[in-house]
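Participant: Here's the letter readout for the chains.
There are 2 protein chains.
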Amino acid sequence: MKKLGVIDLGSNTTRLIVMAYEPGYSFRLTDEVSETVRLAEGIGPSRMLQPTPIRRAVEALHMFYSLCQSTGVDQVIAVGTSAIREAANQAEFWTALREVTALDLRIISAEEEAYFGYLGAINALPLHTGALFDTGGGSTQVMAVRNRELTQSFSVQAGVVRFTEQYVQSDPVSRADLRRLREAAHTAFAPIDWIADLSDGKLGGIGGTVRQLARIDQKMRHYPLERVHGYVLSREAIERIIEELARRSRRDRLQIPGMKEERVDITLAGAVIIATLMDRGGFSSLLVSGQGVREGIFYQHFLADQPQPLIADPRRFSVLNLAHLTHYEPQHCERVAHLSLSLFDQLAPLHGYGAWERELLGYAAILHDIGISVGYYDHHKHGEYLIHNATLLGFSHREIVIIASLVRNHRKGWGELAPYAPILTPDDETRIARLSAMLRLSEYLERSKSQIVRDVRVQLGEEIVIDILADGDAHVEIWEASRRSGLLRRSFGRDVQIRAA
Amino acid sequence: MKKLGVIDLGSNTTRLIVMAYEPGYSFRLTDEVSETVRLAEGIGPSRMLQPTPIRRAVEALHMFYSLCQSTGVDQVIAVGTSAIREAANQAEFWTALREVTALDLRIISAEEEAYFGYLGAINALPLHTGALFDTGGGSTQVMAVRNRELTQSFSVQAGVVRFTEQYVQSDPVSRADLRRLREAAHTAFAPIDWIADLSDGKLGGIGGTVRQLARIDQKMRHYPLERVHGYVLSREAIERIIEELARRSRRDRLQIPGMKEERVDITLAGAVIIATLMDRGGFSSLLVSGQGVREGIFYQHFLADQPQPLIADPRRFSVLNLAHLTHYEPQHCERVAHLSLSLFDQLAPLHGYGAWERELLGYAAILHDIGISVGYYDHHKHGEYLIHNATLLGFSHREIVIIASLVRNHRKGWGELAPYAPILTPDDETRIARLSAMLRLSEYLERSKSQIVRDVRVQLGEEIVIDILADGDAHVEIWEASRRSGLLRRSFGRDVQIRAA
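As they're listed, the protein sequences go chains A and B. Counting along the first sequence from 1, when you hit position 422 you're at 422 in UniProt numbering, and nothing is skipped either side. Counting along the second sequence from 1, when you hit position 316 you're at 316 in UniProt numbering, and nothing is skipped either side.
Don't read these hints as lab results, they were simulated from the structure. Please note that the accuracy of each hint is not assured.
[As the list claims (entries may be wrong)] In silico DSBU-like links for lysine-lysine, alpha-carbon gap of 30 Å or less:
1. Lys3(B) x Lys412(A)
2. Lys412(B) x Lys202(A)
3. Lys412(B) x Lys381(A)
4. Lys202(A) x Lys260(A)
5. Lys3(A) x Lys381(B)
6. Lys2(B) x Lys381(A)
7. Lys202(B) x Lys219(B)
8. Lys219(B) x Lys3(B)
9. Lys412(A) x Lys412(B)
10. Lys381(A) x Lys219(A)
11. Lys202(B) x Lys260(B)
12. Lys381(B) x Lys260(A)
13. Lys202(B) x Lys381(A)
[Said to hold, decoys possible] Sample of chain A residues with no beta-carbon within 12 Å of chain B, all distances over it, derived:
14. Val33
15. Ser70
16. Arg148
17. Phe154
18. Gly282
19. Tyr385
20. Ser396
21. Arg398
22. Pro426
23. Thr430
Fair warning: this is a prediction, and the values are worked out from it, not measured in the lab. Beta carbons are placed, not taken as given, at the ideal position from N, Cα and C, and that holds for glycine.
So here's chain A without its partners, still in its complex pose:
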């Protein structure tokens, strides 16, 4: 395993992520540290970085570098964005930095920043065509995406620290300030006339402000998942948050559930910037990305031997990544997947499901035993927990709930779905029951984990008759699968008979 540290010095926050990885094969985040250094604080129209923000930034970078050095990080990549890029007194910053640390910081252009943000998000979101944006402390980047390719990008100094300092002087914000803020955001995005062409696609949002808005909306809605990445944030939800923030003083905003202290002042400007951009492009909702510039830089290293650092199939990749990290048994899991999909195909006349359900069932089969890495007992429940807390790329929350539920149900019992009502559709209960039943039957046909059962042949009549094709004596498997066929019977409403072919 290699370890890469990526540091991103923004205008509001500086962050370190440490990724442990085997190139092209598997990775996991092992450290993340974030400091609100507010490098752009007081920068004003003269674009002079102020001594205190410089000191805070340099200290944070020094700390991050020390952390990398003492935790066995092989390589550190550090980049600086908007605030430092545009500073009139860069030299002062460099002097301060070099006094305390040997860290090699590189200033990246707005185009590079857009590209890395795109790379981070495009590898992680279910978004093929549409637009991405990355709203930071000093600027917002907007990227056009067609078939996962970056076709155009745009950068404007509509950053949350900058706009807050320029337009939000009153507390609570005055109507005049709010109007000026909206106008400034409107002006900022006026040039991107190409964005309207992308409104058939999706909009993906990167950055701390988007995550903050998502967290507030999730709390308001009593959303059942902790996951922010992949969350769908509606334009109306952002408007509600703007109203809530505008009505309150800074102090009072801390009472809003999910509100982070270090963002009480800047989130209003951020929400207005994002809402205005959505209106400009005609998007009624956005997909929140938990990954951005730092992860983009990581992917460039992780996939260095590819022509482009794009994961061809992020869903499949991240499922296998999770399986590798939790030491799955490939032969057993692949046979369970094969049997599950064979049942799925042959039961198609009864369930009528398509490629989407088939794909999710296959993933659940690969992941069904990963909970053993937590503890053998109740490993179906641990597997559900691991899936809900894993980095999974390119999935919607609904898909993650379905996969986790199938894993939960793969041995016995039934995972309650009521808590996930805001995420699932009414027919998902039947869908989950039927897919779980196929997975469970396949698991018991692999009871001895010996790949004795090669395949199944299904005959559909008044009852479902399943003939077992085996390499050897499979009567223990047939007996076990028969005992566990109740869910299949109930979910399809037909008797089930399992017998040797």
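Chain A is already provided as a structure; the job is to place chain B on it using the hints.
Facilitator: For chain B alone, coordinates are given in the frame of chain A:
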């Protein structure tokens, strides 16, 4: 990593466990399969194993052996106990077995069975002196333990299948049958007059019946943990369960929460056997062991190069085992432990805690970051989850809740303790708050994971002044620790000042 499979063919159940391990260093359970084969079914006074039970047993053994072969198990140890040991027609069993599998099954004596059960339990329970018992389908073994040494053992044919077949003919059980059952149990344990000498110690119980009783009692009490190992089961609780079982028909017993279908018939006899043994020894409660003969055989292999297969310090061992399995960072964790314990010692005049709390704090420090193996975000919560679901040896449930809570609180926030009220004492909330505060401060003094902060010097006055001894510039750490000192201040009721020495 090596893999050992251990199979135990009992009179009621046959079970396989697979342990992956590095000898003497680390292990984890990777598979467990259990089949209720009821080998002793219909054995009667002539001691003839019946053809159907033989077939069921042989099939299960064959399946277990296939599983071992195809999942890379290096060595399989299979042992047979009471039913097969005493069978008049062993030859028939051997013929049937050899027809289907090459598995090498060894019949162990009652003394060996007692020894392996002792080994499994003594390495896993907080029990130094007292008695252990292992109630199976065909017999019960009782072992005397002094200073963790097995000093005496006793075996009697008081098994749950045997007693059920002999004494429980009515359904619901008649008063006469229940009386005969109690008398038979009484007679069975009459010879062990030495057990009364051990009633100052603890009683530990092994076997499926004890676990079943614990599960029912936990459900009746709405016990907050899923963990059965280490659960304290009182004599009164067992009496309540006996009454509940005696009142109901077999069918109705399935309605008792926690009752396993395959144990509805035999649990009454088991409960009476165990209750009678407790009365014989004067024990008002017992400690449930989740480990027994199989784990004992495993420990013999795992610790093969020791004179005796006893883990010297099971608590410390299992904490480090969990740390290894979850890829902890030793240098960082050991420094956090050192700082936590230094704070603990110097704050002693304020908290008055002793060696017990100090030990738990040290363990929490070792384990504080293990949740990162699940996912970086919210890793304090994942760590709590992992601890609640890990194999931890020699701890009480209260101790596990405390360690898990410290890990939960090590970064931020506060884990609700109300659900654990049945396990904790009223002063544990303060205890957990104070210990968490020390751990949290130490974690932030190790913010850069670079071991810059060497130690702390605490002065106690109207406020708590903590001087930081550092190898290098520690002002980021001091600043961070100061920001996170709120819990320390609140839990000790004094202001806190942290400064460079």
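Participant: Could you work out which of the previously given hints the structure breaks and list their numbers from low to high?
Facilitator: 2, 8, 9, 13, 14, 15, 19
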